[in-house]
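> Sequence:
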Amino acid sequence: MKLPPLNALRAFECAARSSSFAAAGRELGVTSAAVSQQVRNLETWLNRKLFERHNNQIRLTDAGRDYYTNAAAALSDIAQFTQALTEGGKGIPLVISATETLAQFWLPAQLERFSTLFPDIPVVVRVEHDPVDMEGDGIDIRLTYGGELPDYQITPLFTDALVPVAADPRFDLATGRLIHVDWGAAISSVPRWAHWIANHGPVRDRGAGVDVTVASVASAIAMAEAGVGAALVPRSMVLGHVNAARLACLSDAVIELPRPFVMISAHYKNRSRRMKSFQKMLAMSDSD
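Yeah, the sequence shown ends on 287 if you go by numbering that gives the first Met the number 0, and it's all consecutive.
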């Protein structure tokens with residue numbers, strides 16, 4: 000097996016990731032000149048130019064970009080296997096970052112299936128609002144609504160529609176308090192109560208109850224269940240509440256969400272075994 004010098008490979012990976020010999024040197028505890036020399040050694044060994052050098056700036060060549068993608072994945076795997084070995088065989092956890100709603104209403108059933116299929120892979124679940132820093136926070140998988148993230152794979156999970164619900168099936172939408180969900184500035188396309196009223200009525204009375212705004216769908220569902228008011232929420236998230244008679248749908252009409260709920264992850268060839276295992280589990284669920 001013909002392998003390049005490991006020090007040269009590490010220097011190249013750091014320089015490519017940071018786009019700087021100086022930054023790579025600080026990370027590795029060496030000078031920028033030492034990093035530059037290690038990269039030149041690797042270029043000589045490969046007989047390929049990996050960087051374009053312009054004054055004090057560097058830019059990956061096409062060959063360098065392809066090599067970095069695979070080298071970074073290989074070094075990541077080595078680091079993970081080493082950590083697993085030094086920790087006495089304990090598996091490295093799959094880190095899942097999810098919105099509060101998906102973590103509460105969609106993810107539990109998926110994790111039950113995942114733990115059955117892959118009992119050796121531990122899981123860490125973080126409940127976080129968008130945006131998140133996938134690489135900086137060590138996130139393997141992000142579960143959110145309609146997310147877009149450059150350089151990452153976006154996999155649609157499911158589509159949904161908004162339905163009005165309340166604890167009391169006789170709730171009057173013209174006069175009762177409405178519970179609004181603040182989806183965040185990054186998600187402006189989600190229909191709100193104003194869309195519902197405009198399309199399905201009824202016209203709100205001037206003396207209607209004072210509305211409430213919450214930060215998540217999960218909070219809106221909890222508020223509605225407690226009798227605070229009516230919430231406009233994804234149908235799949237309240238199906239169990241409706242079936243258990245804890246909430247009632249106030250109309251048969253729905254408003255389709257314009258975008259799907261998605262999984263964000265590294266592109267396939269850069270994924271670890273634990274990430275590929277989660278993807279495999281989802282694919283198996285879809286085929287059932």
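Don't take each hint at face value.
Unchecked claim - The following label-pair restraints were derived from C-beta to C-beta distances:
no.	residue 1	residue 2	range
1	Q152	V241	32 to 40 Å
2	A193	P92	41 to 49 Å
3	V202	D132	38 to 46 Å
4	G208	T115	42 to 50 Å
Unchecked claim - Distance condition first, Cα-Cα at most 25 Å in a straight line; then the derived DMTMM-like pairs of lysine to aspartate or glutamate:
no.	residue 1	residue 2
5	K279	D136
6	K275	E99
7	K1	E12
The hints are simulated quantities; they were obtained by calculation from the structure and are not laboratory data. Just so you know, even glycine gets a beta-carbon here, dropped at the ideal spot from N, CA and C.
> Of the numbered hints stated previously, which ones are contradicted by the structure, given in increasing order?
Violated hints: none; all satisfied.
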